[in-house]
Structures are given as C-alpha cells and as structure tokens.
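J.: This is what each chain is made of:
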Amino acid sequence: EAQVTQNPRYLITVTGKKLTVTCSQNMNHEYMSWYRQDPGLGLRQIYYSMNVEVTDKGDVPEGYKVSRKEKRNFPLILESPSPNQTSLYFCASTAGGSGNPYEQYFGPGTRLTVT
Amino acid sequence: DQQVKQNSPSLSVQEGRISILNCDYTNSMFDYFLWYKKYPAEGPTFLISISSIKDKNEDGRFTVFLNKSAKHLSLHIVPSQPGDSAVYFCAASAYGAQKLVFGQGTRLTINP
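Protein chains in written order, with our numbering: chain A, 305 to 419; chain B, 1181 to 1292.
Pulled out of the complex, with its shape left as it was, chain B reads as follows (with noise of 0.2 Å):
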C-alpha cells in the first residue's frame, strides 16, 4: 500500500514559468513532509519541509503548500530554472519516527 503518491511520473516545463509538483498521502498520523531533489548517479538532497502545524513554508524559489483535509502537498518553483531539471521525491514521518515514507518521484524537465 503506497501511502505517499506522486501521480505523475514526469513534468515538463518551460524555463521562467512555475513548476508545480504535486504529492498525496493516506496516513493521518503524518506530521511532517519533505521534498527531496535527485540528479543522476547521485543521492537525494534534502529541498525543502513543512510541518503539519503550517500550510506553507517558502524557502527562496521554492514553496510547499500543505493541505491537511485533502491530505496533499505540493511544490511550487519560480522560476523554474534549467538546473532544476531532476527527479523530485515527497516524503512523509509520523511523529517521532525516524522512518521516512517516500513518493515514486517526478522527473521534472525544464525546458529553455
């Protein structure tokens, strides 16, 4: 059972314009989301994170938005930028834990 969905496989945008990732969880017990960002032949880099007391965190080009009673999460960049091209993993933990549930990934393309 995949608690932490990201339904889309692969975006692409155009550079300058907003990338908007989108990510999906079914476990309430959930209080705290992260984003992960992933180049090729190199592990994942911490991005960004919300808590569930917020609905928002902004960190420079990036925001992630929390939608508790829709139990989704998204991040948004702009402006996109061709550096920003990778993988983008969600993730969530349950208070306390130090197990960290993941998404599948989007690949994210941003085009010049």
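With the rest of the complex left out, here is chain A (with noise of 0.2 Å):
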C-alpha cells in the first residue's frame, strides 16, 4: 500500500528536549515537505526536499532542521522545541517526474505539546 507514515504520532515533550520526527514513504518520490497546520492558519510548509542532500526552507523554518540522506526519508528535527512549536505536523511527498508535481500525499500527522 503507497502510503506515507509519521513517528510519532503523538508527543509531548518539555522545552529545550531534542526530538526527531520521522517520515517515511515508500512511492520512491522525489519531493517532499513538512508542514504545520495551526488553528486559523491554514498548513504551512516548515521545509522541502526536492532529491536527496537538497533541501530548502519553506514560510516557517525557524526553530527545525531536516535532513535527507536516503530518498524515501525525510525526518523533522526539533533541536531545542519551545511551546510556539506545539502544533500538528504533517510530512508530504509529491512524484517528480511523469507524476503530478502538485499532488501531496500527506501522512497521518504528529500532534506535538511543548510544555
């Protein structure tokens, strides 16, 4: 089945506690982003990855890292995660290529508190 998944999918951690959320899709696509979706806000793109080693900021990176060193995973890095990051995550991949460049398929998301 081609899905997206995210770990964890819940998490609640205290200010200044390292933390990674994985993402990992198996329809060997290209791209891929995270995003945070808050109230009133819509979904914004933290960052993408068009290809392995390449990666690039998106409206809100302040505050995460990502790395990209293998193509079917894109994990979302949280060095030093403060309350204004509490938030629901999401990680996307989108085919390169032939595929629709456009169309996402998001994972399940990751509900993340910062106390």
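Simulated from the structure, these hints should not be mistaken for laboratory data. Please note that the accuracy of each hint is not assured.
As the list claims (entries may be wrong) - SDA-like, lysine to any residue: derived pairs with alpha carbons at most 25 Å apart:
| id | chain 1 | residue 1 | chain 2 | residue 2 |
| --- | --- | --- | --- | --- |
| 1 | B | K1248 | B | S1231 |
| 2 | A | K361 | B | M1209 |
| 3 | B | K1279 | A | I316 |
| 4 | B | K1279 | A | P365 |
| 5 | A | K375 | A | D363 |
| 6 | A | K361 | A | D342 |
| 7 | A | K375 | A | P343 |
| 8 | B | K1279 | A | Y409 |
| 9 | B | K1279 | A | S391 |
| 10 | B | K1236 | B | I1198 |
| 11 | B | K1279 | A | R415 |
| 12 | B | K1217 | A | Y314 |
| 13 | B | K1279 | A | K321 |
| 14 | A | K361 | B | F1226 |
| 15 | A | K361 | B | N1207 |
| 16 | B | K1217 | A | R348 |
| 17 | A | K361 | B | D1211 |
| 18 | B | K1279 | A | N377 |
| 19 | A | K375 | B | K1248 |
| 20 | B | K1279 | A | R348 |
| 21 | A | K375 | B | K1279 |
| 22 | B | K1251 | B | D1204 |
| 23 | B | K1217 | A | K373 |
| 24 | B | K1248 | A | E407 |
| 25 | A | K373 | A | P343 |
| 26 | B | K1217 | B | D1181 |
| 27 | B | K1217 | B | S1190 |
| 28 | B | K1279 | A | E407 |
| 29 | B | K1279 | A | D342 |
| 30 | B | K1234 | A | P365 |
| 31 | A | K369 | A | S328 |
| 32 | B | K1217 | A | A399 |
| 33 | A | K369 | A | N311 |
| 34 | B | K1279 | A | G320 |
| 35 | B | K1217 | A | P343 |
| 36 | B | K1279 | A | E334 |
| 37 | B | K1217 | B | H1256 |
| 38 | B | K1217 | A | G413 |
Keep in mind the model is a prediction, meaning the values are calculated, not measured.
Relying on the hints, combine the two individually framed chains into one complex.
T.: What follows is the structure, encoded as structure tokens:
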C-alpha cells in the first residue's frame, strides 16, 4: 500500500529537549515536505526537499532542521523545542518527473505539545 | 500575508443539496490550484485540481471553478453526502515550485 508514515503520532515534551519526528514514504517520490497546521492559519510549509541531500526552507523554518540522506526518509528535527512549536505536523511527498508534481500525499500527522 | 484565503471557517449544508466552498488568492503567479479534504486524525487527501489554463474541472460530484480575473476559485459538491463532512483546504502553487500555499480551511458539515 502506497503511504507516508510518521512517528510518533503524539508527543508531549518539555522545552529544550531535542526531538526528532520521522517520516518515510514507499512511493519512491523525489519531493518531500514538512507542514505545520495551526488554528486559523491552515497548513504552512516548514521545509521541503527536492531529492537526496537537497533541502530548502519553506515559510516557517525557524527552530527546525531537516535532513534527506535517503530518498524515502525525511526526518524533522527540533533541536530546542519551545511552546510556540506546539502544533500538528504533517509530512508529505510528491512524485517528480512524469507524476503530478503538485499532488502531495500526506502522512497521518504528529501532534506535538511542548510544555 | 495570507496569499490564499478561505473566508468561511465553517459551512453547514443539507444532505442532497449543493455545497459551495470558496477560496481567494492574491498572488498572480499561482498557476495551479488544488483542493484537499481532511478528516479528523488523518492527513489531508487530494480531491481535485485545476490548472490556470482552464476555468472548470469536473470529477464526479466535485467541480472546481476558477475565475482568474477575480483571483477566485470555488469547489462545488453535488449532491452533498454525509461522508463529505470534513475540513476542506484550498491550495495554490506557482509554476515549477514544489511549494503549496494553503488556505485556512473550511469545515463542511452535511446534515441528514
């Protein structure tokens, strides 16, 4: 089954404690992105990656890091989480080349609470 | 600056009637528009899209209309069914960009 998986699905942590949210896709997609969803703001892009070792900032990159060492994986790293990073996070992937470059497949989401 | 706006946070429609969800955008560089549907505890799923070279795209009960001069698009669902109750996000992209800009979402409730 084609899918994007994220782990963990729920996470409660404290300010300053480094954490990583993993994302993996099994569709051999070139493009992957991270979004956060906040009430009244919709989904905002944090970082995206066009291929292995190629990443770029989205609209709200501050406080986040990403890496793309393998095509299937795109982890989101919060080196020193703060309460304003409490949010619902989605990973997404998109086929490049002959696929529809705009249709993104989303993971189920990770609800993060930083106290 | 919100480049894609969905001004109605919620919409309630009777089952069997038409649901119309609206979306406005400000960036004239956007040339591809999408609608996503989101159920609670799930990620958004792609619903329908339209290129700026068209003004209408239809897929079963779902039709998207694009009015470029007004920078406005709408999603029509006919007839509306209870399973259509979800949050709908409008999104836009500029040519060649992998970046999607999303609206705030509209919660659609279909009443029996």
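J.: Hints first: check each against the structure and report whether it holds.
T.: Each hint, compared with the structure:
1. B:K1248 x B:S1231: holds, 11 Å
2. A:K361 x B:M1209: Roughly 19 Å separates the two Cα atoms, so the pair holds.
3. B:K1279 x A:I316: Outside the cut-off at roughly 29 Å; violated.
4. B:K1279 x A:P365: Holds, at about 13 Å.
5. A:K375 x A:D363: Within the cut-off at roughly 23 Å; holds.
6. A:K361 x A:D342: With a Cα-Cα distance of about 18 Å, the restraint between A:K361 and A:D342 holds, given a limit of 25 Å.
7. A:K375 x A:P343: Measuring from Cα to Cα gives roughly 31 Å; hence the hint is violated.
8. B:K1279 x A:Y409: With a Cα-Cα distance of about 13 Å, the restraint between B:K1279 and A:Y409 holds, given a limit of 25 Å.
9. B:K1279 x A:S391: holds, 20 Å
10. B:K1236 x B:I1198: Given that 25 Å is the threshold and the Cα spacing comes to 17 Å, the pair holds.
11. B:K1279 x A:R415: Distance of about 22 Å is within 25 Å: holds.
12. B:K1217 x A:Y314: It holds: about 22 Å lies between the C-alpha atoms, which stays within 25 Å.
13. B:K1279 x A:K321: violated, 30 Å
14. A:K361 x B:F1226: holds, 23 Å
15. A:K361 x B:N1207: It holds: about 19 Å lies between the C-alpha atoms, which stays within 25 Å.
16. B:K1217 x A:R348: holds, 16 Å
17. A:K361 x B:D1211: At roughly 21 Å apart (the allowed maximum being 25 Å), B:D1211 and A:K361 satisfy the hint.
18. B:K1279 x A:N377: holds, 19 Å
19. A:K375 x B:K1248: Status violated; Cα separation ~37 Å.
20. B:K1279 x A:R348: holds, 10 Å
21. A:K375 x B:K1279: holds, 18 Å
22. B:K1251 x B:D1204: Roughly 6 Å separates the two Cα atoms, so the pair holds.
23. B:K1217 x A:K373: violated, 31 Å
24. B:K1248 x A:E407: holds, 21 Å
25. A:K373 x A:P343: Violated, at roughly 32 Å.
26. B:K1217 x B:D1181: holds, 23 Å
27. B:K1217 x B:S1190: The hint holds at about 14 Å.
28. B:K1279 x A:E407: holds, 11 Å
29. B:K1279 x A:D342: holds, 18 Å
30. B:K1234 x A:P365: violated, 34 Å
31. A:K369 x A:S328: Holds, at about 16 Å.
32. B:K1217 x A:A399: holds, 19 Å
33. A:K369 x A:N311: Measuring from Cα to Cα gives roughly 16 Å; hence the hint holds.
34. B:K1279 x A:G320: Violated, because 29 Å separates the two Cα atoms, which is more than 25 Å.
35. B:K1217 x A:P343: Roughly 16 Å between the alpha carbons, so the hint for B:K1217 and A:P343 holds.
36. B:K1279 x A:E334: Answer holds: B:K1279 to A:E334 is near 14 Å, not above 25 Å.
37. B:K1217 x B:H1256: Holds, at roughly 13 Å.
38. B:K1217 x A:G413: holds, 14 Å
Checked against the numbered hints given earlier, the structure breaks hints 3, 7, 13, 19, 23, 25, 30, 34 and satisfies all the rest.
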